[in-house]
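**Q** Put together the whole structure using the sequences plus the hints.
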Amino acid sequence: MYTRFALAILLVSTSLIFNSEAKTTDLYKVLGVERNASQREIQKAFHKLSLKYHPDKNKSKGAQEKFAEINNAYDILSDEEKRKNYDMYGDEKGKPGFDGGYPGDHGGYTHFTSGGPGEWQNMGGQGGSKSFSFSFGGPSGGASSFGFGLDDIFSNFFGGNSNEGSRFSGFSGSSSYQSRSRGPSKSIKAINSQVFKKEIADRGMIWLLLSYTPSLKGYQYYEPIVEEASSSLEGALKVGSINCETESSLCKELGINPRRDPKIFVYSYKTGDKGSLVEYKDDLVAKSLKSFCQDHLPRLSKRINLNNFEFSTSTVEKFPRVLLLSTKKNTPVIWRVLSGLFRGRLTFYDAKVHDVSDPAVKKLGVEALPAIVGWLSNGEKVIIEKGISVKDLKSAIHDLNISLDGFEKKNRKAAFSKAGKAQTDAKEKQIPVLTASNIDAICGEATPVCIIGAFRSSKARDKLESIFLHVSQKSLSRQQNPPYGPRNSISYSLLDATKQSSFLSAFDKSGFKSLDKFVIAYKPKRGKFTAFVGETSNEEVERFIGSVLNGDVQFNKTRQKPVINLSKQTLGHHLAHRLVEIGVSDIFSVPGDSNLTLLEYFVMQLNLIGCCNELNAGYAADGYARSSGVGAYVVTFSVGGISIVNAIAGAYSEDLPVICKVGRRHSNDYYGARKILHHTIGLPDFNQEFACFRTVTCHQAVINNLEDAYH
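For reference, each letter of the sequence shown is one residue, going -22 to -1, 1 to 689 in mature numbering (1 follows the signal peptide of the UniProt record, and there is no 0).
Among these hints, one or two may not hold up.
Claimed, not checked - Estimated spans, in silico, between C-beta atoms of each pair:
| id | residue 1 | residue 2 | range |
| --- | --- | --- | --- |
| 1 | Cys670 | Glu223 | 52 to 60 Å |
| 2 | Asn285 | Val368 | 46 to 54 Å |
| 3 | Cys670 | Gly357 | 31 to 39 Å |
| 4 | Ser16 | Ser38 | 47 to 55 Å |
| 5 | Gly343 | Cys670 | 25 to 33 Å |
| 6 | Glu358 | Lys176 | 29 to 37 Å |
| 7 | Asp4 | Ser367 | 43 to 51 Å |
| 8 | Asp440 | Gly524 | 22 to 30 Å |
| 9 | Phe287 | Lys391 | 45 to 53 Å |
| 10 | Phe297 | Pro569 | 35 to 43 Å |
| 11 | Ser367 | Tyr67 | 46 to 54 Å |
| 12 | Lys452 | Glu358 | 29 to 37 Å |
| 13 | Asp4 | Arg238 | 33 to 41 Å |
| 14 | Ala338 | Asn528 | 56 to 64 Å |
Unchecked claim - Think about it this way: if two alpha-carbon atoms lie no more than 20 Å apart in a straight line, the pair counts; the simulated PhoX-like pairs of lysine-lysine are:
| id | residue 1 | residue 2 |
| --- | --- | --- |
| 15 | Lys372 | Lys167 |
| 16 | Lys388 | Lys437 |
| 17 | Lys506 | Lys539 |
| 18 | Lys22 | Lys60 |
| 19 | Lys176 | Lys230 |
| 20 | Lys307 | Lys359 |
| 21 | Lys26 | Lys7 |
| 22 | Lys535 | Lys506 |
| 23 | Lys359 | Lys387 |
| 24 | Lys364 | Lys391 |
| 25 | Lys268 | Lys26 |
| 26 | Lys487 | Lys535 |
| 27 | Lys306 | Lys369 |
| 28 | Lys230 | Lys265 |
| 29 | Lys265 | Lys30 |
Note that these hints are calculated values from the structure, not bench results.
We put the CB at the ideal spot given by N, CA and C, even for glycine.
**A** Okay, here's the thing in structure tokens:
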């Protein structure tokens, strides 16, 4: 009886000692913050104190208890609901006093509650007796019938615990600093396989990643460190956490399964264009982690000496170039981040300059620093930004991202225009092939002399075209102009001998069948000709043409007037061939009664993709243009063409190269041209969509026949 009484006295005395501490504890004072402190200030204070009193680093007497006290204060004040209740009632549960509740609720912090009004209990004695509950609950300690665990009490005295202690070596006991498991912070994005592939893998942005499993102890200490380290780099990197219990396949694929402790990784571009995971292994200190993140920001900008570097407009570069001019000794963080975001799209340079008076800066036309200068793929220089003002890292990266994106779009537009001009120039320099549609213009009676190169193989054609291009630039005797020039000119053209045997038989009965290539000088008005069947070299052909123009060769009468056979090529064949030439392999369409015949020719050379409606086809081609260069679609006239205008306008606003072909009534259909047909909108007008297209396209054309298509 005496022993039992002594034990009871001991327990009550010990509890009252702890209760006295709990009653006088001000959680705000524990963390050293004001009562109106922000969550950020509370987090920083907790981080600072937890490092100071961490049992692994602080071996002084009382450090363990102090650490538990700090952890309990943070657990309550970091939760807005608990903090509100604490401020109002002095208890995070919304009741006056510290209600111990459940073992482990406060990471082992000792609480004491006396029954208040309405909480009186009859304990078998006279009415009016008052009950007290004591709680020494730790995370793993079992609770006795008195509401506390005996293991926890004795471990407080002797520093031991039969259950597993903290994940940090050298520290265990009932006053464990483990708080109950808390979910991931709202500011840290949960990462799964889909998010990793879409937002992280090789996207150019640095990610700070925390891998963990809920069963790992100490996870709650990693989160605030990660948040604090990343907060000052907001905009330069993103933060995520991977729960390797629910995302085991992703963790296994990445090789980041945490065993004993959570692990921190940076998805880095430090070593090249490809991203890779690098583990952070230093102390769990925000400052150190921040430095680690900064060190692994992209280094894709080339540092140059502006005085020794020449941005020649004739230099062939894979991507347009951008140069940052600043007074910074090292490449600025913002520029490093942007170099990652635009990798594979722009080539980055940066240079340190003293001020705008620097001759090299003046030469570039820059009036204020920092500045960004760009060079389009056509060599044109553009001042992208000057006198850049940085409010904060996040907004600066966002604003400059928009500027560089606009520069890239401008370059795409310039490149597309350049390609079109180059194609036009190439056409002008090409020697035309004689057809039924162009023979009158090239070799009609108004042309004094036609120089015709006949070929039976592609190799022979290329050889003759090369020779004609060379010879046509020389002044041999008379003034020479391009084939479509003035009527008093000499013309050059090619002829496919395999398809135009009847044309050649007008000159020679055999049609020169034994020859792979040869040259004919033909005078259409006089019906006379002469042929060169010798070695076709630049010198020999030039000598032959010179003698023709100077009257040094004899002309013979033609057997008959040469006539070009009608080609089997159709407008559909021609359009399909031209699409293939510019890189189109797939064409999106909505088949209809005004384009079915056209589509029959297209499917011979292109992959036809049917769509449910015109707008769908338009957006599909828009996406194709973004990934493959050029998009194309075919729709029906009037309602079909008008339905696709929204998609065309969207592509136009983004400078995307897309080609829309709208079917029309048959060009020989005189009756249909004057009637309201199925696809018209109340008027016999087949040009309604054409008028709409004028406002949202860079070029429009009506093609009624093959001759129109050639032009």
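**Q** Confirm or reject each hint.
**A** Hint-by-hint comparison with the structure:
no.	hint	verdict
1	Cys670 with Glu223: 52 to 60 Å	57 Å, holds
2	Asn285 with Val368: 46 to 54 Å	26 Å, violated
3	Cys670 with Gly357: 31 to 39 Å	36 Å, holds
4	Ser16 with Ser38: 47 to 55 Å	31 Å, violated
5	Gly343 with Cys670: 25 to 33 Å	41 Å, violated
6	Glu358 with Lys176: 29 to 37 Å	35 Å, holds
7	Asp4 with Ser367: 43 to 51 Å	44 Å, holds
8	Asp440 with Gly524: 22 to 30 Å	23 Å, holds
9	Phe287 with Lys391: 45 to 53 Å	27 Å, violated
10	Phe297 with Pro569: 35 to 43 Å	39 Å, holds
11	Ser367 with Tyr67: 46 to 54 Å	49 Å, holds
12	Lys452 with Glu358: 29 to 37 Å	34 Å, holds
13	Asp4 with Arg238: 33 to 41 Å	36 Å, holds
14	Ala338 with Asn528: 56 to 64 Å	58 Å, holds
15	Lys372 with Lys167	18 Å, holds
16	Lys388 with Lys437	40 Å, violated
17	Lys506 with Lys539	10 Å, holds
18	Lys22 with Lys60	19 Å, holds
19	Lys176 with Lys230	18 Å, holds
20	Lys307 with Lys359	25 Å, violated
21	Lys26 with Lys7	14 Å, holds
22	Lys535 with Lys506	4 Å, holds
23	Lys359 with Lys387	15 Å, holds
24	Lys364 with Lys391	23 Å, violated
25	Lys268 with Lys26	16 Å, holds
26	Lys487 with Lys535	13 Å, holds
27	Lys306 with Lys369	17 Å, holds
28	Lys230 with Lys265	30 Å, violated
29	Lys265 with Lys30	15 Å, holds
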